[in-house]
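Going by the UniProt record's numbering, the sequence shown opens with residue 1, and the numbers climb by one from there.
Source of the hints: derived by calculation from the structure; they are not laboratory data.
Capping the alpha-carbon separation at 25 Å, the derived lysine-lysine pairs in PhoX-like fashion look like this:
| no. | residue 1 | residue 2 |
| --- | --- | --- |
| 1 | LYS39 | LYS56 |
| 2 | LYS52 | LYS39 |
| 3 | LYS18 | LYS51 |
| 4 | LYS56 | LYS26 |
| 5 | LYS39 | LYS26 |
| 6 | LYS51 | LYS26 |
| 7 | LYS39 | LYS18 |
| 8 | LYS18 | LYS52 |
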Amino acid sequence: MINPQNVCRHELIGLEAKVSHSSNPKQTGISGLIVDETKNMFVICSEGSLKKVQKKGAAFDLLLPDETLVRVDGSVLVMQPERRISMRIKNLR
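Full structure from sequences and hints, please.
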């Protein structure tokens, strides 16, 4: 089950996300559903359009299925999703 302690090891596609901080000021505040993920980016469906947000240099507020809100530093997520999901938690801290 996904929780704040193991969120970095789970599939993030399908979660609601908000960019709480970004080195690109135009991306701060983008919110919506994560619909795709690459090594370096999230694709967020926001207000009917797709927004590509770079992970590095950004922080994301993710809404978990149990309605818990967790903030994640995007730099921790910079890797292929399939590799990140299979890594041990201690390697992600």
